[in-house]
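Student: In case you want the letters, here they are:
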Amino acid sequence: MAVSAPRRQSPGRGGAQSARAHRDLRSTLFNRGVTGVVIALALLWLVPVAWALDTSVKSENDTIIIPATWNIPHFTFSAYGAVFSASDLGRWYINSAIVAIVVTLLTVVTASMAGYALSRRRFRGKAFFYAAILAGIMIPPQALIVPLFREFQIAHLINSYWALILPQVPAPIAVFIFKKFFDGVPISLEQAAEVDGANWWVSYRRIALPLARPAIAAVSIFTFVWTWNNFLWPFLAATSQTMMTIPAGLGTVIDGVGIINALQMSSAVLGALPLVFVFLLAQRQIVEGVAGTGLK
Amino acid sequence: MSASTAPAGALRRATTAERTRTQRPGRNWGNFGLLVPFGVFYLLFLVGPLVYDVVLSFFNASLVKGGLGSFAGLANYRELFGDHTFWSAMWHTILFTLVSTPPLVLLPLFFAIVVNRIKRGQWFFRLAFFLPYILPSAVIALVWLFLYEPGYGLIDGFFNLIGVGAPGWLSDPNLSIYSIVIVTVWWTLGFNFVLYLAGLQEIPRDLYEASALDGAGRWKQTWRLTIPMLGRTTTLVTVLQIIASLKIFDQVYLILQGGPNYSSRPAIEWIYDTAFTSQRVGYASAASFILFIVILIVSFVWLALIRRQERGV
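Those protein sequence lines, which keep their order, are chains E and Z. Residue numbering for the first sequence follows the working numbering, beginning at 521 and increasing consecutively. Residue numbering for the second sequence follows the working numbering, beginning at 86 and increasing consecutively.
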């Protein structure tokens, strides 16, 4: 960004040129300064993550040196080993994976069917159903923990996978994304198939769904990340250590007593790892997904 | 298909209507059937609990006893309006929203405008700013508890380095909410940053070229062109941010447990404490409903703003 385009675009304007050159120089310096500030802040943004990594490979005694130091006098992975023996982290990984994968599958299937029906099919009361689902976007699940807990209490399903999975499935925003996506896909393919006698299921399953890959990717990644990270509901619904997901389980690690800084930081790193992996694999889809949900 | 001169939307509608006429009777059931699986989840776990919440709020329901308990009428709501612990929790939520929204709207706007001009290495900024957003709240809490730790924490270390005594980030009741705001800005800024980056992509390039020919410098372009053109995105970011902030719970609960001495306890934690510690389900349900109404009002204000902006364009 150092060379400024306008100067090259206005050749031979005579007297104005030196004033403009002066202004360009000033604005270039200003822009470089601003860019420098943002680079510095981006580096600052990485500090907490770097600090957690740094601490996680220290020995416990080296984590309480005052003032804090980035040096690692005794490099060790022992805190990582201790996490697995001190907590049910392995079990939490499995629970989180089961819950996040099943919720993602159910969300993609149910929301894509509903989105497809709302975009393409005709039936009585369609406008009403669409409005009702859109209104659902405004219902904050966090405000519903009490009645939801009660519901599962009555069904005797607290502390089960049912309780962890089912309430996280209905995501009206996912229906909205699929509907918008199908609205933008030309309808001719399905018409051709229906002339050949395809029914609604074949139209959805064989024609519409394969076309919807980008929407499926966006909804899947988001649902997976949100479900994996959800804290409040699993924290309530899982009443035993063995049913907890990673966030709920780590919530209990926080209450640990004694000097366990390295242990806590290695727990944090291990809890973050699957998501960092997903992020690095699907950075483009995640970024495009955020953009898509918000703007279109 | 004689409607070929109509705009695309109208054409699609026309062809759908035409197709429906040719559909065999009974087909509609299949079409409606596609809605059923989602509809079941939606009714059981979203609308159902909402209705149940309203019902519970009129009863003296408790967590340990089954059933609804005795009918309370409006007693829960009446008690709530006089309950200063509830209003102080609501105030913490609103204070948090008021303090966290400006930096979470303006900082990512600034970052996005600057990063959007950088030609190479944009991935680095996306990584740095967006990575924290995808981490679970419990990880955020673990890391920041240690950063804020008095004495050997990194932040105290920095304050010592520049020779200033560090404040009691988590122990000072007047400071605790602001410490949580700092954590939240670090954690969630990336989401808004990416929304702004997407908004910037939508601004047509030739507008910049035209204004450059008119002699507008970078600075002028930013103020007169970029920021006005981002108006819709800014509205979106602001409202999403307000709604997200009103739902604050995780960070405060995990880092401070609402403390010290309830000085940071937000509305959702009050609901949680009332339902699961005091076991007053009916009372907590009434509070949930009030919080729900507040969030609903914000959402409607947003819709009204969007309508107005769209008419303006």
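Treat each hint with caution, since some may be false.
In silico EDC-like pairs for lysine to aspartate or glutamate, Cα to Cα no more than 20 Å straight-line [claimed, not checked]:
no., chain 1, residue 1, chain 2, residue 2
1, E, Lys-700, Z, Glu-294
2, Z, Lys-204, E, Asp-544
3, E, Lys-700, Z, Asp-358
4, Z, Lys-204, E, Glu-808
Short, incomplete list of chain Z residues facing chain E, as computed with Cβ under 7 Å [unchecked claim]:
no., residue
5, Arg-163
6, Gly-167
7, Ile-219
8, Ile-375
9, Phe-377
Think of the hints as simulated: they come from the structure by calculation, not from any bench. Given the structure is predicted, the values throughout are model-derived calculations rather than measurements. Backbone N, C-alpha and C fix where the C-beta goes; we use that ideal spot for every residue, glycine too.
Student: Would you mind marking each hint as holding or not holding in the structure?
Tutor: Cross-check of the supplied hints:
no.	hint	verdict
1	E:Lys-700 - Z:Glu-294	violated (32 Å)
2	Z:Lys-204 - E:Asp-544	holds (19 Å)
3	E:Lys-700 - Z:Asp-358	violated (40 Å)
4	Z:Lys-204 - E:Glu-808	holds (19 Å)
5	Arg-163	violated (19 Å)
6	Gly-167	violated (21 Å)
7	Ile-219	holds (5 Å)
8	Ile-375	violated (9 Å)
9	Phe-377	holds (5 Å)
Of the numbered hints stated above, those contradicted by the structure are hints 1, 3, 5, 6, 8, listed in ascending order.
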